[in-house]
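Chains as they are written, first to last, in my numbering: chain Y, 2 to 275; chain R, 1072 to 1437; chain V, 528 to 827.
Please keep in mind that the hints were generated in silico from the structure rather than gathered at the bench. Keep in mind that a hint or two might mislead.
[As the list claims (entries may be wrong)] Take a look, some chain R residues computed to stay more than 12 Å from chain Y by CB distance:
#1 I1177
#2 R1203
#3 S1348
#4 A1374
#5 A1382
#6 P1428
[Stated by the list, open to error] EDC-like mimics (lysine to aspartate or glutamate), calculated; alpha carbons at most 20 Å apart, straight line:
#7 K1106(R) x E1256(R)
#8 K721(V) x E68(Y)
#9 K721(V) x E177(Y)
#10 K271(Y) x D696(V)
For every residue, glycine included, the Cβ atom is placed at its ideal position computed from N, Cα and C.
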Amino acid sequence: MAKAFTHGTADVKKQPGFAVIAAICIAVLYLPLMIIATYSFNAASNIGAAWKGFTIDWYASALQNREFYDAAILSIGLAFAAMVISTVLATAAALGTTRGKRWRGQTAAFVTLTTPLVIPEIVTGISLLAFFAAVAALIDINFGLGKLLIAHVTFCIPFAYLPIKARLEGMDETLENAAADLYATRWQTFRYVTLPLVVPGISSGAALAFIVSFDDFTITQLIAGPGETTLPLYIYTRIRRALTPEINAMCTLLLMISFIFIILSFAISKRRSQ
Amino acid sequence: MTEFQSSATSGSAVDMLGIVKDFDTFRAVDDVTLKIQPNEFFTLLGPSGCGKTTLLRLMAGFETPTTGSILLGTKDISRLPPNHRPINTVFQSYALFPHMTVAENIGFGLKMLGRSRSEIKVTVDEMLRLVRLEGRGDSLVTRLSGGQQQRVALARGLAPRPQILLLDEPLSALDLKLRQSMQIELKRLQAETGITFVFVTHDQEEALTMSDRIAVMNAGKVLQVGSSRDIYEHPADRFVAGFIGETNFLQGDLEAVDGMSGTVRLKNGVRVSAGLSEEAPRHGAITIVIRPEHIEITDVGAAGSIAATVATVVYFGTDTHIHTHLADGTPVIIRQQNRRDGSRAPQTNALIGLVLPLGASQVLRD
Amino acid sequence: MATDVDIAEAQLSHKRWLTAPALLCITLFGMVPLITVMSYSLMQPSEYGGVVPKFSPDAYISLLFQRDVFDDALTFSPDYLIIFARTVAFGAATTLLCLLIGFPTAYFMATRSPDTRNRWVLLITIPFWSNLLVRTIAIMFIIRDEGLINMIMLSLDLINAPVGIIFTDFAIVLGLIYSFLPFMILPIYAALEKVDFRLAEAGFDLYASRFQVLWRIIIPLAMPGIITGCVLVFIPTFGAYVTPLLLGGGRHMMIGDLIALQFGSSRNWPLGSAFATVLMGFVLLALYIQARKAMGVSHG
């Protein structure tokens, strides 16, 4: 022990081997993704084959694939709609559970808003399956894509809600008092003070809602009707058939879209967090 | 529904009548009645938790009184929301809008009042000049120093020309030098604008320097209202005397009363003459208060003096504090100004005589 | 005039109203479906999927027993119990291994400079939010018989024939660790970041060794984060569906697959609902333990 302290200042925080484990950890998390991305550029037509040279043919063929294209459009459209609706609902809810005096039942409201986070996806999936079947049996409605939208909005709400709530809680309530003191009505206070200051939280929450909806596989698979194939569902049906290099390209594209939104969300929430 | 009440004292800027504010079981403000005069620099002074900030928030409209009413002129404003009161606040944390420039902050109130863009610009420029921030209108408030933010907060509160400006410990975040110059600045602003300032502080020195009148508060009650001199030299009770400056308390019996003064026989038999306020008791065992700088030192055994033993002598530059105790153990502090001739301060353990000059001591209210 | 009302009261009703749409959405499409499924677990299966609304405890009985087709006699059948036990074992193994890798990583992150810390958080966050299906496919790609690992080992002549990694218990646990490791790291990191490391100095000053400082000072302070991390890994592992589906190849089922199977080709909704109810029971138990422990630690 004394030996460790002989050179310069003692680093009391250092624990032997922890840096190595951290490095292994990052490797474990990233290597598979990097390998799949690298192989999406491999010219070999067999997926397990050795490196045969660089090509972007697999991307070209993925993007020209009509089914892939349709699935991507559906996924993006669905994620966008779910993002907008869930963010609006979550923003209102966050305003209701943070500012001013606490109200009776506020804790219960908070627990309810975050329950979708602790229910395993498979349970949510079969619950919605059973629920929509029961509703369809009672009244003759064809929900169509509405089913997917309702499901996605519901499980996106807590993901949008939490960053907005955190932002509002970090915001000095005196600012709103100051606005009211300077003759702003409740709406003007919201419009000129609260909203501009909470925008980073809202953007961050919206980005998360988008990713969560865009990436969802389990719940969507259980409730999607025929023809309602999202991108993850399409990729799943493809790997059931055969693993081809084209799938590597598709997976890489899917990851790229997620990455963009994650980094966006991260950057927004870190920026100007006063 | 706006209630109008006729008031005999329609000359006041703010009339608070029997204000009580309860938070659950805690009574923050306990039956406060106060009249604040127009164009006055009025200070609410008291320790933290005494209810002074709650009183300010009641005036601003962030709280509604449990009972009692607040009149602005003759109009009852106690249940109006903050944006309907011609009263502005300078917050302790300044509460500047971080996403706006200095000019946008200052012009916010006028914008909300629906004033024209040109009028806002003129007023903002005037305010920037008033608080000596010319040319900084386009800066982001987050880029300003603490003192500059303070000025912006003041300008923002003054820009809509409110009838009352409330200041909630606005100087507490500044360092000593800056605080002293801001004290003078605040006095100037108040005089130039003619707006009534209601200032909240726990710093007695700040209160004494700046205020026209001070209300000393403790435990939700107003204990004394008066000018700085009144409060310092004629404290009404033990709390006020102890809270404002250093002071000595001596026990005795009130033997004779003659108008506004009385003869007090101290425990050791020495008789002194002490001032009597209207609320002070007229007989029996009482406490008198005397400021350390008012006590004179003489030789032990001199006529009319009280014998005391010197415990510690502390040199303070401008003056020297002499800690002594009387025969019965009562501590007494004496403050002597240091002169150039180096008049000798008593030595530790020396026996000295203390003289309480006529009118320097005061009988306290129970 | 609308202004002459009690301000606080007005704000409160206003606030309640704001939460209503989100609450309604989650109640109607989150809670009601869950209750529906729980009630289905006490009904009889319909032939074409769905339920016959008649009370029957059969779903729960068949969790442990098999009913003889001819004489209705119940015989003990451990098939489902084994799947439950496997799920618990996989969950526990995954949680433990994630903790062993995650704690040192979180510790390493928390002891960096603030800028470096932010970069590490981003590094861990990216896989956290990345597509689970794609990540599982990536693992599959590496460990399958024609995958990268076997290919490299074959070309290095370390083995003669591909080692079967995929479709084993090991593959599933590996996939689960890979999927849920960030869930362990981030809460532990959040707890460690708040730890005042001058306490470690105080520990060394009082003759503690590096390990003693870690074990007796740092770990107790990080305990709320460790518990949260364990719960956050255990809950999704317990309900895992995609990972065993792809890496277990249908031979090594977990509860998640079993539930999906009952609602899919087996068409026994009450049984699937019973599994789901039991699963939710475990989840609530884990959350309850976490709430208790986290509170106990922060008050201790």
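Right, here's what the structure says about each hint:
Non-interface call for I1177(R) relative to chain Y: violated, since the shortest CB-CB distance, roughly 10 Å, does not exceed 12 Å. The Cβ of R1203(R) lies farther than 12 Å from every Cβ of chain Y, with a closest approach of about 22 Å, so its non-interface assignment holds. With a minimum CB-CB distance of about 38 Å to chain Y, S1348(R) clears the 12 Å threshold, and the non-interface call stands. Residue-level check passed: A1374(R) sits 61 Å from the nearest beta carbon of chain Y, beyond 12 Å.
Separation of A1382(R) from chain Y is adequate, the least Cβ-Cβ distance of about 46 Å exceeding the 12 Å criterion. For P1428(R), the non-interface assignment is confirmed: its Cβ lies about 49 Å from the closest Cβ of chain Y, beyond the 12 Å cut-off. Taking the CA atoms of K1106(R) and E1256(R), the gap is near 25 Å; set against the 20 Å cutoff, the hint is violated. The hinted pair formed by K721(V) and E68(Y) fails the criterion: a straight-line CA distance of about 49 Å is larger than 20 Å.
Only pairs whose Cα atoms come within 20 Å are accepted, and K721(V) paired with E177(Y) is rejected, the gap being roughly 30 Å. This hinted pair does not check out: K271(Y) and D696(V) have alpha carbons roughly 40 Å apart, beyond 20 Å.
Hint compliance for this structure: hints 1, 7, 8, 9, 10 are not met, and every other hint is.
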